Amino acid sequence: MGVLLGKRGGVSGAKLGESVFTGYCLINNFTDPFMIQIEANPEEIYDIELEHSLLEANAKIAKANRAKLDENGITAIDFMGAIGSGKTTLITRLVEKLKDRVGVAVFNGDATTSDDGDPIAAMGVPMVQIATINGCHLDANVVAKACAKIDLAKLRLIFIENIGNLICPAEFPLGSKARVVVVSVTEGPYMVRKHPHMFLGAQLVVINKIELAEVMGVSVEQLINDVHKLKPDMKVIPTSCKTGAGLDEVAAAILAV
Amino acid sequence: MHELSIASSLVESVLNIVNAPPKKKIMRVLLQIGELTCIEPEQLQFCYTAVTKDTAIEGATLEIERVPAMVACPQCGYAGAPKYWEDALAAAAVATLECPSCGKAAEATQGHDCTIRTIRYVEE
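Respectively, the protein sequence lines represent chains A and B.
Following the numbering used here, the numbering of the first sequence begins with 1 at its first residue and continues without gaps.
Following the numbering used here, the numbering of the second sequence begins with 1 at its first residue and continues without gaps.
Keep in mind that the hints were calculated from the coordinates and are not lab data.
In this text, all values refer to a predicted model and were calculated from it rather than measured experimentally.
Just so you know, even glycine gets a beta-carbon here, dropped at the ideal spot from N, CA and C.
Any given hint could be a false lead.
Said to hold, decoys possible - Derived coverage of chain B by chain A (criterion: at least 3 residues anywhere in the stretch with Cβ under 8 Å from a Cβ of chain A; other residues may be distant): (1) 44-54; (2) 67-73; (3) 113-124.
Unchecked claim - To list a few chain B residues with every Cβ distance to chain A over 12 Å, as calculated: (4) Glu35; (5) Gly59; (6) Gly77; (7) Ala79; (8) Gly80; (9) Ala81.
Generate the whole structure from the sequences, applying the supplied hints.
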């Protein structure tokens with residue numbers, strides 16, 4: 001990622017946006033590795049050309065999280081979905097199924113309360129409550145802090161419950177190996193097409209509360225078709241945390257990540 | 001409202017540049033937003049104005065350009081514009097990861113970033 005300090009018009013003859021290298025490095029205190037300045041008179045207008053990603057700071061921490069988890073043989077799974085889609089119940093069911101087979105921990109993101117996290121902690125698995133207060137998504141930094149709070153030895157899985165939101169978390173990878181979107185039939189028939197970005201970045205989609213599909217008049221098939229329109233190779237598993245349908249399949253998919 | 005985090009990160013980056021010598025007054029920041037992100041330009045503008053208030057870059061304009069999505073298909077080798085889902089509910093057609101050529105899963109190669117491209121300033 002280079003930074004070029006180019007002059008707009010003037011003595012160097014460089015056009016706006018044209019790359020001109022004079023070959024000496026002047027400023028190093030910006031985060032980018034090289035920055036080249038072109039001599040110019042004061043009072044002139046300059047353009048600094050750069051390619052500075054605003055999403056990179058988070059992405060870098062996410063990569064570091066991932067490296068640390070890989071080192072410890074841990075797979076982190078990020079659960080995203082709207083408020084009330086059933087993320088917490090799904091995670092609770094998965095913990096019940098898996099906790100005696102492999103080491104599981106849960107990071108529970110919630111704006112203010114620990115209502116969702118407490119019952120999980122009561123099952124005897126390590127649980128870190130992440131209160132975002134006004135934050136609409138988790139970021140890699142809070143996940144790094146949560147990782148520091150638990151003993152990573154003996155863990156095989158970390159379930160991260162993101163904030164109930166189908167937009168904001170998409171931009172902030174956490175360092176998980178897979179992102180799961182949980183969408184329930186009670187959210188209506190158009191959830192997938194309304195939130196394409198969330199699905200484009202996911203590796204698994206769970207369509208939850210299928211026992212209510214008929215009452216809701218929502219077609220599970222249609223939701224699955226919508227997902228495949230966005231991403232043809234996406235694994236989609238219809239589930240019911242009430243009846244237990246599909247949960248073994250989700251657990252198997254997660255263990256296979 | 002993740003635009004607020006993005007705006008804060010933007011302002012922090014620009015202030016880093018302002019604080020490096022020579023002394024400068026920032027006039028304009030050009031930001032490129034990828035089509036595959038869900039960063040809303042209007043909300044970002046609003047947050048930018050709020051975050052820059054009482055800083056060295058207050059009053060500098062924020063110009064936003066959209067970067068179109070591009071995909072590449074590992075199955076058939078297609079590279080180019082994505083297939084759009086025309087009749088989705090959205091106001092605009094939705095870019096998908098279905099390969100426009102063979103219909104299998106393609107990968108996004110462009111359009112998922114948000115980058116500062118140009119910072120225009122005058123020396124003071």
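> Would the least Cβ to Cβ distance between glycine 77(B) and chain A come out above 12 Å?
Replying inline: Glycine 77(B) is indeed farther than 12 Å from all Cβ atoms of chain A, at 16 Å.
>> Taking 8 Å as the Cβ threshold, is the statement that the region 113-124 of chain B is covered by chain A upheld or broken by the three-residue rule?
In response: Per the Cβ count (11), the hint holds.
> With d taken as the least Cβ-Cβ distance between alanine 81(B) and chain A, does d exceed 12 Å?
Replying inline: Fine: 15 Å to the nearest Cβ keeps alanine 81(B) off the interface.
>> Count the residues of the region 67-73 of chain B whose Cβ falls closer than 8 Å to any Cβ of chain A, and tell me whether that reaches three.
In response: That given contact is violated, which follows from only 0 residues of the region 67-73 of chain B lying within Cβ reach (below 8 Å) of chain A.
> Taking 12 Å as the cut and beta carbons as the points, is glycine 80(B) off the interface with chain A?
Replying inline: holds, 17 Å
>> According to the definition I'm using, a residue is off the interface if its beta carbon is farther than 12 Å from all beta carbons of the partner; does alanine 79(B) meet that for chain A?
In response: holds, 17 Å
> Can we trust that glutamate 35(B) is non-interface, i.e. its beta-carbon lies farther than 12 Å from all of chain A?
Replying inline: Incorrect as stated: the minimum Cβ-Cβ distance to chain A is 10 Å, not above 12 Å.
>> Minimum C-beta separation from glycine 59(B) to chain A exceeding 12 Å: can you confirm that?
In response: At about 16 Å from chain A, glycine 59(B) clears the 12 Å cut-off, so the statement holds.
>> Just to make sure I understand the rule, a stretch counts as covered if three or more of its residues have a C-beta closer than 8 Å to a C-beta of the chain. Does the region 44-54 of chain B meet that for chain A?
In response: violated (count 0)
Checked against the numbered hints listed earlier, the structure breaks hints 1, 2 and 4; every other hint is satisfied.
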